[in-house]
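S.K.: Spelled out from the first residue to the last, the chains are:
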Amino acid sequence: MKVRYFPGCTLKNRAKDLDTYAYRSAEALGITPEEIENWQCCGGVFTTARDEVATKLASVRALKDASDSNLPLVTVCSACHNVIKQTNHAMQTNKEFSDKVNRYLEADGGYNGEAEVYHYLEMLRDLVGFEKVKERVVNSLKGKKIAAYYGCLLLRPHKVMRMDDPENPTVMEDLLRALGADAVVYARRNECCGGYISVESPDAAKKNANAILENAKAAGAEMIITACPLCKYNLVKNGADIPVVYFTELLAEALGVKGEPNET
Amino acid sequence: MQRVGVFVCWCGSNIAGTVDVQAVSEALKNEPGVVFSANYQYMCSQAGQEMIKTAVKEHHLTGIVVCSCSPRMHEATFRKTAVAAGLNPYMVEIANIREQCSWVHKDVTAGTEKAIILGKAAIAKVNLNTPLTPGESPVTKRALVIGGGIAGIQTALDIADAGFPVDVVEKQPTIGGKMAQLDKTFPTLDCAACILTPKMVDVAQNDKIRIFSYSEVTDVRGFVGNFDVTIKKKARFVKEDVCTGCGACVEKCPMKKIPNEFNLGMDNRHAIYIPFAQAVPKVATIDPDACNMLKNGKCGICSKVCAAGAIDYKQKDEIIEETYGAIVVATGFNPISMEKFDEYAYSQSKDVITSLEFERLTNAAGPTAGMLVRPSDGKHPHTLVFVQCVGSRCESCAEKGKEYCSKICCMYTAKHAMLTRDKYPDTEVYVFYVDVRTPGKNFDEFYRRAVEEYGVKYVKGMVGKIVPEGDKLKVQASDLIANKQLHLDADLVVLAAAIEPDHSARPLATMLTASMDTNDFFTEAHPKLRPVESPTAGVFLSGTCQGPKDIPETVSQAGAAASKVIGLLVKDKLTGNPCVAIANELTCNGCSSCERVCPYGAISYLDKEFRMPDRTTKIRRVASVNPAVCQGCGACTVACPSGAMDLNGFMNNQIMAEVDAICK
Amino acid sequence: MKHNNDLREEILRMSGVDTAKCMKCGKCSATCPAYDEMEYHPHQFVGMVEIGEIEPLLSSESLYKCLSCFACVDRCPRGVAPAKVVEAVRLTAIRRQGANHMTANDVPLILETDTPPQLLVSAFRKYTK
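Chains as they are written, first to last, in our numbering: chain A, 1 to 264; chain B, 1001 to 1664; chain C, 2001 to 2129.
In case anyone wonders, no lab produced these hints; they're calculated from the structure.
All clues given are correct.
In silico BS3-like pairs for lysine-lysine, Cα to Cα no more than 27 Å straight-line:
(1) B:K1402 x C:K2021
(2) A:K145 x B:K1350
(3) A:K134 x A:K144
(4) B:K1484 x A:K207
These numbers were taken from a predicted model, which means no experiment stands behind them.
Build out the structure end to end from the sequences listed, making use of the hints.
M.R.: The following block contains the structure:
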């Protein structure tokens, strides 16, 4: 099956692994991601102010593209997913906002939140199915103790994201189990890594990242997976002494489609 | 033609403030049938009622229209006045010119105009009124109590004490309810078992009380005075009258890893079990989902070791049908699931427990014989954190928890904290609270003792996150007074989970046609003046099924419900409502439409012989209403395609006359 | 104390938050990962906006410490969404002329070889108009 694919800014340079392995794994699972032409950066964070319009237009364009092509829109970066999904929700529920947006876009037929937005993890769970993923595993991760790190953007605000239980998420753990690994559950997996605060207050980001790492290690983790380049950056930058990898890389490895590394 | 008297009430300034009462009584003077019209400050007062009585005598009135408040308020009052004046009470009509007129309007002209129209409608109706006489129905002098916790127990004992037989239906294998699981009770700290178990024994020994344990109500029909109830007594695979409760079967049962409900899964029980030592009835029950013999016919050890021969693997569910004059609902509560509050790591750590689990953990008959230890490693906890309001007082849009205050948590948490400090002085005990609510006799004094004498550390603020790490629980919380974020390493965390009505309450409410609020608490007939009666006649409420309450309050309410039941059961007959449906046999075509819509089963069919115009006779099927069962809802009158169904007191022609008067 | 009701209305409208729903339990501040960086904490943002005491918030560095991680939003028992209040106050501050909290000139100071574009993009979105 085909899906429309929104990679996002960081996936084209610092987080190429997240992108490449997402492609390779999807194809191995029978999904063809079609990258949206001329996609624009989502902006990194969703501005919650109801009167903020211009910063959300890039997301609407991507959404409209998917809607016009009648395909689900798939994102893999947590931040892109969060911004696009929240924008879609605003288009569905805030008439004043959607009217303004449509006047800006002058889009043919307008756009009112018709697109279906899936995070890559949701795609695996809901469109592919973890049972099928499990069947395709060639390099089982058996015996590996791996902790999923969700951070904040994938899960919250729950009323909009609706991806998983925001306090006890299981989608990444279920994926890890499908790949044969031991999923390490730890309480800080849904706490913030520090996000963009590392620009101004690196110490604060360090404190958050360390607390997450300590908690995961205390629970027995030998590796951490994440879906967010900024999460990975903050964890690695602040002295992670266990590997922090993108979930797509692990998936590609298990599916036997990892091929050559390409990190720039 | 009627001789109608019109009486317009001012209700002080309630009506007279927005309605020109003088103009109303003047305008209504000229309506058909009206021979007298007056207004007065308070029609419901002694003087006002005397005015009506005098007018009836002087003007030979046959019908009365009172323009006043809602009929819910004073219809009964004015009907009594009519009776005192020698009229049939159903010759009174009320025009509601307060709730439906003066209170909702600001403009005097509009209000007056509307009051006149409402008055005209009532006059049009009363012109067609006929005297009605209510029927009577007998009262079955037996009560049913649904639920065998402290509420049901107290209600049953009080009713039995007045000499009436009572049946108690309890879905668990034993009565006792939540109170049986508690350790001590606030604010006096007497042991729950010490004060509850004698009452349980009293219930068992009272010859007026029958206990149907491990049983459920599956159907309720009938009406006040005569409820026909079906009770399913689930097979326990043990003959209740033969079992001596010796426990030999339990000891020998090889299936011993079944989570023990009574201890909230903190230890195990056997497939055959007696919930606790003081259970009533003290007989064993086999869990059919766990018993090998019942699942695949292999085992049978309990039967071999039972000296009394009480085991019966072939036992079937038993259906009991009984008639009751009154029903008391006492279905109780449960703590809500902590599933959606995993920021507190309840699913991640055994050392995060609920307050009810804490009760079992400190109870001498609990899984640790009363030793307060961590469920994870059996170690003595040094730092304890109690979190209040978990799931209580949540806004509905927060999508988890309950909107109401669970009421009991502040006090039991103070109790837990105080008892912990008393028994283990080496502990540090923190209570995180939003507000401390202690309105009860000796309640605030109790809470202050916890702080001042026992050194419990109360912190104003909520806990935000609990992180199990190593053998500690890292608690992150607000201290709003110090304006600080606190980080504590705790050994045990106790969550004061909100309480909710038992899930059996909703289907039961449907069976009883008793109303519930959005939280599934039973609604009382009046929140202040009729707190233990359901709006459904003959159904009474006891305990937490009506709203969160503690033990003293539950017991008071249980007694109050019992006194209402006794007041009903001492009557030999109940006066019915004469406003019931009647079928016109001549126009009824026997189609059964009315029978299908009747929620009370009040309509049946007769084959009746009719004389035809050509002097032959013909048997026709026609509807017949049982006036004792009919509640006068009027559904049949709407469903009837031939207009043969009518409702006394609300006849089709009366309603149409009202509509005509309004639309004229 | 002078309270600014117009500004209060504006912030409530922008954020879509009903601050009157707050029951002052402090769970937002209890759960905030940036608490120690802040002079005014999430519950204070809600409380101060509620009474119209907004000027101190507008000039506080706390505006730029919120991570928008939404922990306070999801965990608030009253559905108040403190993070949205913080964001509305921050936008009110940076929409004022010349009040951008970060400029392009700052970028070379931040930039390292491993800095992901996402970091800069997010920071700009939060700190500039």
